[in-house]
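Protein sequence lines correspond, in order, to chains A and B.
For the first sequence, counting from 1, position 279 maps to 278 in numbering that gives the first Met the number 0; every step adds exactly one.
For the second sequence, counting from 1, position 134 maps to 133 in numbering that gives the first Met the number 0; every step adds exactly one.
Take these hints with a grain of salt, some might be off.
[What the hints assert, rightly or not] Taking CB as the label site, the calculated pair distances span:
id: 1; chain 1: B; residue 1: 57; chain 2: A; residue 2: 135; range: 24 to 30 angstroms
id: 2; chain 1: B; residue 1: 281; chain 2: A; residue 2: 325; range: 33 to 39 angstroms
id: 3; chain 1: A; residue 1: 188; chain 2: B; residue 2: 252; range: 19 to 25 angstroms
id: 4; chain 1: B; residue 1: 152; chain 2: A; residue 2: 35; range: 28 to 34 angstroms
id: 5; chain 1: A; residue 1: 197; chain 2: B; residue 2: 237; range: 40 to 46 angstroms
Hints in this document: simulated from the structure, not taken from any laboratory.
In this text, a Cβ means the ideal position worked out from N, Cα and C, and glycines have one as well.
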Amino acid sequence: MDDRRRVRLPTRLHPARPPLTGLLVGRLLLLPVLVAVVTLVMFALAQRTPFDPVLATLGERALTMDGPTLEAMRDRASDTGAVQQWAAWWGNALQGDLGVSSSQRSPVSTVIAQRLPWTLGLMSAALVLAVLGGVLVGGLAGTRPGSWADRAVGGGLLATQAAPPFWVGLVAVWVFAVWLGWLPTGGATSPGSGSVEALDVLRHAVLPVLVLALSQLPWFGLVVRDATRDALAGVPVRAGWARGIPTARLLRQHAVRPALLPLVTVLGVRVPELITGAVLVETVFSWPGVASATVDSALRLDFPLLAALTVLTTVLVVLGNLAADVAYRVVDPRVGRRDG
Amino acid sequence: MTAEGWREVAGARSRPWAGTRHAVARGGSGPWWVALGGVVVVVLLLGAGAADQRADFEQAFLPPSAEHPFGTDQAGRDLLARSLAGARVSLLVGLVAALVSSVVGVVVGGLAGSLASRAGGVVDGVLMRVVDAVNALPHLVLGIVIVALLGPSLGSVILSVALTHWTTTARLVRAELLALEGVGFVEAAVGAGAGRWWVLSRHLLAHVMGRVVLATVLMVPHAIMHESALSFLGLGLPDDQASLGTIIEQSRTAVLAGHWWPAVLPGLLLVALSLVVFVLGERLRPVSWGRS
Numbered sequence: 000m001d002d003r004r005r006v007r008l009p010t011r012l013h014p015a016r017p018p019l020t021g022l023l024v025g026r027l028l029l030l031p032v033l034v035a036v037v038t039l040v041m042f043a044l045a046q047r048t049p050f051d052p053v054l055a056t057l058g059e060r061a062l063t064m065d066g067p068t069l070e071a072m073r074d075r076a077s078d079t080g081a082v083q084q085w086a087a088w089w090g091n092a093l094q095g096d097l098g099v100s101s102s103q104r105s106p107v108s109t110v111i112a113q114r115l116p117w118t119l120g121l122m123s124a125a126l127v128l129a130v131l132g133g134v135l136v137g138g139l140a141g142t143r144p145g146s147w148a149d150r151a152v153g154g155g156l157l158a159t160q161a162a163p164p165f166w167v168g169l170v171a172v173w174v175f176a177v178w179l180g181w182l183p184t185g186g187a188t189s190p191g192s193g194s195v196e197a198l199d200v201l202r203h204a205v206l207p208v209l210v211l212a213l214s215q216l217p218w219f220g221l222v223v224r225d226a227t228r229d230a231l232a233g234v235p236v237r238a239g240w241a242r243g244i245p246t247a248r249l250l251r252q253h254a255v256r257p258a259l260l261p262l263v264t265v266l267g268v269r270v271p272e273l274i275t276g277a278v279l280v281e282t283v284f285s286w287p288g289v290a291s292a293t294v295d296s297a298l299r300l301d302f303p304l305l306a307a308l309t310v311l312t313t314v315l316v317v318l319g320n321l322a323a324d325v326a327y328r329v330v331d332p333r334v335g336r337r338d339g
Numbered sequence: 000m001t002a003e004g005w006r007e008v009a010g011a012r013s014r015p016w017a018g019t020r021h022a023v024a025r026g027g028s029g030p031w032w033v034a035l036g037g038v039v040v041v042v043l044l045l046g047a048g049a050a051d052q053r054a055d056f057e058q059a060f061l062p063p064s065a066e067h068p069f070g071t072d073q074a075g076r077d078l079l080a081r082s083l084a085g086a087r088v089s090l091l092v093g094l095v096a097a098l099v100s101s102v103v104g105v106v107v108g109g110l111a112g113s114l115a116s117r118a119g120g121v122v123d124g125v126l127m128r129v130v131d132a133v134n135a136l137p138h139l140v141l142g143i144v145i146v147a148l149l150g151p152s153l154g155s156v157i158l159s160v161a162l163t164h165w166t167t168t169a170r171l172v173r174a175e176l177l178a179l180e181g182v183g184f185v186e187a188a189v190g191a192g193a194g195r196w197w198v199l200s201r202h203l204l205a206h207v208m209g210r211v212v213l214a215t216v217l218m219v220p221h222a223i224m225h226e227s228a229l230s231f232l233g234l235g236l237p238d239d240q241a242s243l244g245t246i247i248e249q250s251r252t253a254v255l256a257g258h259w260w261p262a263v264l265p266g267l268l269l270v271a272l273s274l275v276v277f278v279l280g281e282r283l284r285p286v287s288w289g290r291s
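Looking at chain A on its own, in the form it has when it is part of the complex:
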């Protein structure tokens, strides 16, 4: 009676962090479970929707088939439940057979092997640029709080954040490719050239990389700005300034590290945003990567490719989060000590 009336809530808000090896093992064990659940939900959703696996598999061949044959195939498809389909898919996937992509007309594994390098190249180049730009812009604003530079950077980053990457990409295409004619409008190689030439690819990559980097810049810039501002207002810097240590040295020793700390730790967490940006940028510029293939597979109901790419995305995001946690412990000595 009394117990029913008492509201009991836990005393610990944040559970103690497990040690590094425990964290690694725990997360890597959780990964297959997570991937299994995500795919199971996909198969279950596909069963309850207008998605027609028979038409999706047959494509144009369905047009030349008679009704009863199609119906028989549908019956067979709907007889096997989502769980059986899911189990069969995993059985094949674990043996290296991811099925055949109907939208790309080749095995899913080939599609991914051909397209993944393009996406990874685009994303890593953009990430490096965004981090460098963010440190530059954020440092500039953070070391001069309240100045016109600070306000300009803050306003500019806010506006950049509100600008959708696909629109920025279109504007960039119009300015640099159509109006000025300096750069190609899309693709990764010039049509007609059979081989992949480094200089040609570089020319094609300029706009996609810059637009993707710009879409990630506001967040890095704001993190660095706030961290720099906090570090400069902190006790170590004030004490050093009172002792007469030169500003440049103070910045180097007491501001850079605490300012870069949050940046390192959040790099991995940004993987989902990076993938979102890549989906939009690759579509605008017809970049031959896996992100634009995700959109194609969704538009054309190419289930095998969509399922494989969803798994790939999940794995990337989980690994990114794990990398962030590990980096946090390595870079910030306080974390390990506090948790023992």
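Take the given structure of chain A and dock chain B to it, following the hints.
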């Protein structure tokens, strides 16, 4: 003390918007921003730009002029009227999706937070792992999968945005509930004999409601971006319900032909729209935080 007496004390404590007017007044330029943002939102929702959208192919791709401030599109439709109608669709989808996801977030977060210490926290653990699982996919990719499987329509776009954005609210509500453990007014209510449901609904949820409203407002720009991205990818709304994302998607061939206005001007409207809603939310922040 009687239960009626406590009810009065509790009622005074749990009015979410108590003091709102004063907090807005203290916020400097706050009222102006709120008023301006509110006017923009209301005007758009009331259907400005429901005007002429007839196609006239002899008028295709006219550059911006006094008659057509945004120019005309590939079918000779006035782009200003079309963009305003598109902004209305974007705003409506954003509002509804943010509302739905907030409701889901409050239910999940409320369950997890209030059951965290019951039955070894099993419910809490399971719900938070679901949150982790939803967050383990980029929202846009998850949204693409949902729309692809459900088929593109207004409902599936709203569902896709709502189902990917509730986790923030759920975490917020759960953390607030856990932080309220042992706070004076909760203990006072418990001491006065209030039951769990009473405390949860009249004290805890009422206490977090201000922040939930803020989170909902701040989610609207996210939802608008998400919807326009889906529409741009061709997985969003059909042409007769064109949102700003749809209009920008249709401008892609025009841009390659050198016509800049079908892409640039509706895009600027999209940026302005999400900035207005964002600033509106930021101006409301001191109001919702001032109470704790």
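Structure-based check of all given hints:
Range check, residue 57 of chain B to residue 135 of chain A: Cβ separation about 51 angstroms, and the 24 to 30 angstroms hint is violated. Taken as a hint, the range 33 to 39 angstroms holds for the pair residue 281 of chain B and residue 325 of chain A, whose Cβ atoms sit roughly 34 angstroms apart. Separation of residue 188 of chain A from residue 252 of chain B is about 22 angstroms and conforms to the stated range, judged on CB atoms against 19 to 25 angstroms. Evaluation of the 28 to 34 angstroms hint for residue 152 of chain B and residue 35 of chain A yields a pass: the beta carbon distance comes to about 30 angstroms.
At about 43 angstroms, the beta-carbon gap between residue 197 of chain A and residue 237 of chain B stays in the expected band of 40 to 46 angstroms.
Comparing the model with each numbered hint stated earlier shows that hint 1 is the single one that does not hold.
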